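Visitor: Chain by chain, the residues run as shown.
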Amino acid sequence: MKPAHGASSDNELLERCRTGDAEAFGAIYDRYGNILYGTALRMLRRPEQAEDVVQVAFMKLHTKPPQPPVSNLGGWLHRVTTNAALDQLRKRQRLAEQELPERPMSAPKSGTGIGRDIEIAVQSLPERGRQVFMLHDVEGFKHGEIAKMLEISVGTSKSQLFRTRRLLRELLAPGTSGDQGVEA
Amino acid sequence: MNRADEIRELLCSDDPADHQRARQLARGNAELLVLLDEHDELAAAVADWKTQAQAPAALRERVLAQLRESETSRNEPAPARVVGIERSPRFTSRLWTWRGALAAAATLVVVIMATRTVVYEPVVISTSGRLIVSNALAAAHEAEQRHAEAIAELQRAADPILNRAHDLQTGAAEAALLLAYRDRISAIDAAIAEVNSYLDENPGLASARTVLLAAYIDKTRILEEVLGRDDRGELG
Chain Y
31 MKPAHGASSD
41 NELLERCRTG
51 DAEAFGAIYD
61 RYGNILYGTA
71 LRMLRRPEQA
81 EDVVQVAFMK
91 LHTKPPQPPV
101 SNLGGWLHRV
111 TTNAALDQLR
121 KRQRLAEQEL
131 PERPMSAPKS
141 GTGIGRDIEI
151 AVQSLPERGR
161 QVFMLHDVEG
171 FKHGEIAKML
181 EISVGTSKSQ
191 LFRTRRLLRE
201 LLAPGTSGDQ
211 GVEA
Chain H
539 MNRADEIREL
549 LCSDDPADHQ
559 RARQLARGNA
569 ELLVLLDEHD
579 ELAAAVADWK
589 TQAQAPAALR
599 ERVLAQLRES
609 ETSRNEPAPA
619 RVVGIERSPR
629 FTSRLWTWRG
639 ALAAAATLVV
649 VIMATRTVVY
659 EPVVISTSGR
669 LIVSNALAAA
679 HEAEQRHAEA
689 IAELQRAADP
699 ILNRAHDLQT
709 GAAEAALLLA
719 YRDRISAIDA
729 AIAEVNSYLD
739 ENPGLASART
749 VLLAAYIDKT
759 RILEEVLGRD
769 DRGELG
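Listed in order, the protein sequences are those of chains Y and H. So the first sequence is numbered by my numbering: it starts at 31 and just counts up by one. So the second sequence is numbered by my numbering: it starts at 539 and just counts up by one.
Possibly wrong hints are sitting among the right ones.
In silico lysine-lysine, DSSO-like type, Cα no more than 27 Å apart, as pairs [said to hold, decoys possible]:
{"no.": "1", "chain 1": "Y", "residue 1": "K172", "chain 2": "Y", "residue 2": "K121"}
{"no.": "2", "chain 1": "Y", "residue 1": "K121", "chain 2": "H", "residue 2": "K588"}
{"no.": "3", "chain 1": "Y", "residue 1": "K178", "chain 2": "Y", "residue 2": "K188"}
{"no.": "4", "chain 1": "Y", "residue 1": "K121", "chain 2": "Y", "residue 2": "K94"}
{"no.": "5", "chain 1": "Y", "residue 1": "K94", "chain 2": "Y", "residue 2": "K178"}
{"no.": "6", "chain 1": "Y", "residue 1": "K121", "chain 2": "Y", "residue 2": "K178"}
{"no.": "7", "chain 1": "Y", "residue 1": "K188", "chain 2": "Y", "residue 2": "K172"}
{"no.": "8", "chain 1": "Y", "residue 1": "K188", "chain 2": "H", "residue 2": "K588"}
{"no.": "9", "chain 1": "H", "residue 1": "K588", "chain 2": "Y", "residue 2": "K178"}
{"no.": "10", "chain 1": "Y", "residue 1": "K121", "chain 2": "Y", "residue 2": "K188"}
{"no.": "11", "chain 1": "Y", "residue 1": "K94", "chain 2": "Y", "residue 2": "K172"}
{"no.": "12", "chain 1": "H", "residue 1": "K588", "chain 2": "Y", "residue 2": "K172"}
Over the 10 Å line for every Cβ pair with chain H, so calculated as not near, a few chain Y residues [as the list claims (entries may be wrong)]:
{"no.": "13", "residue": "E45"}
{"no.": "14", "residue": "R46"}
{"no.": "15", "residue": "P99"}
{"no.": "16", "residue": "N102"}
{"no.": "17", "residue": "L103"}
FYI, nobody ran anything at the bench for these hints, they're computed from the structure. All values derive from a computational prediction rather than experimental measurement. Even glycine gets a Cβ: it sits at the ideal position worked out from N, Cα and C.
Produce the complete structure using the sequences and hints provided.
Guide: Structure below.
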């Protein structure tokens, strides 16, 4: 008998995925889908694009899965999702869509006030600084990884983070309206 | 750099030892300790924010439906030269485009096979126009050489781009597109090799040289398309 989803390790599920077991894919989605969607949504701020990116990540798991044994499937999926989201951002930049008014991310249904404030403040950040902050402070990537992803130097990643945190502090300071824009 | 900025810079580091150093620098100084509090508050706010996103319920079914479709396609007997291309609803229109190219390649092969049956007959040199004379033959050969050299040049430029198809950093859509280009180029290369081997035996047949020229032109167009798309940043 197949073990319940909760009892299966990532490697067991991955092995079953290789044989085309849709239930195993479903189990992996249940385990990581929300996290990946959150990552994509925070980076892209457009729910429909975030859904596309999650779909791309799971297609990659299907077509080019990591070689077992996988020590951190969640980390692998997170990286694939982040790279796919960055691809989307680059395409968006190329299409000069950043000059169009950004559609705001739908307001969170729950969460504390500061959670909402930071979301609004992050949306006001300059794009490159926002990407570095998102990758480092929110998604947990190291400067070396960010440097490769964004094709910048480690020093640039650090200095962008330094400046962006300072901007965020200003935006989040009492009496500051979080939705005001910040010059790059 | 003042002490506050020094602490902030240390807090930007990935090294936990730097964070420890920042705390040591701030120790005993109320103003500097505020910086650490701000840092911790920001981290807590981020952690809170991270828990808020909920994927739409329909996304699960959408992802699984696409995977099922992909799995079904994978299990179907793949048509020649399309093996390895990821199929999804999003790429369907592209697949139709590729099918056109594959049909063209197949036509080339059919033409080659048809002309081959003709030349199984002993070749007779004549001035009827069916066979080209030796001077024209040399000129044609020289023109083909130039084509081949120009294509080799393009191929060298395009190869690193096409090789990104297997790079994990490449997005799925771009990888599928690159694989499709590679398949199209392979199909044309096979046709060129076929025509060339035939021309080695029957160098004077104009129709075969026309087919070869068409194949060269087709390959040039595809390689230029790859390089053009890459220049425009459309290939990841």
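Visitor: Now tell me, hint by hint, if it's right for this structure.
Guide: Hints, one by one, checked against the model:
In summary, the hint linking K172 of chain Y to K121 of chain Y is supported, as the alpha carbons are separated by about 24 Å, within the 27 Å threshold. Using a Cα cut-off of 27 Å, the hinted pair K121 of chain Y and K588 of chain H holds, with the two alpha carbons roughly 25 Å apart. With a CA separation close to 13 Å, the supplied pair K178 of chain Y and K188 of chain Y stays within the 27 Å bound. The straight-line distance between the Cα atoms of K121 of chain Y and K94 of chain Y is roughly 23 Å, inside the 27 Å bound, and the hint therefore holds.
Between K94 of chain Y and K178 of chain Y, the direct Cα distance comes to roughly 21 Å. Compliance with the 27 Å bound is thereby established for this hinted pair. Taken as a hint, the K121 of chain Y and K178 of chain Y pair is honoured in the structure, with Cα atoms around 18 Å apart against an allowance of 27 Å. The hinted pair formed by K188 of chain Y and K172 of chain Y meets the criterion: a straight-line CA distance of about 10 Å does not exceed 27 Å. Straight-line distance between C-alpha atoms of K188 of chain Y and K588 of chain H comes to about 22 Å, which keeps the hinted pair within the 27 Å bound.
For a cut-off of 27 Å, the pair hint linking K588 of chain H to K178 of chain Y stands: about 24 Å separates their Cα positions. Taking the CA atoms of K121 of chain Y and K188 of chain Y, the gap is about 25 Å. The hint holds against a cut of 27 Å. Restraint check for K94 of chain Y and K172 of chain Y: the C-alpha separation of about 25 Å stays at or below 27 Å, so the hint holds. Proximity of K588 of chain H to K172 of chain Y is assessed by CA-CA distance (about 18 Å); at most 27 Å being required, the pair is judged to hold.
With a least CB separation of 15 Å from chain H, E45 of chain Y remains clear of the 10 Å interface cut-off, as annotated. Against chain H, the non-interface label of R46 of chain Y holds: every CB pair exceeds 10 Å, the least being about 12 Å. Every C-beta of chain H lies more than 10 Å from that of P99 of chain Y, the closest at about 17 Å, which supports listing it as non-interface. Distance to chain H confirms N102 of chain Y as a non-interface residue, since its nearest Cβ pair spans about 15 Å, more than 10 Å.
At roughly 14 Å, the least C-beta separation between L103 of chain Y and chain H is larger than 10 Å, which holds for a residue marked as non-interface.
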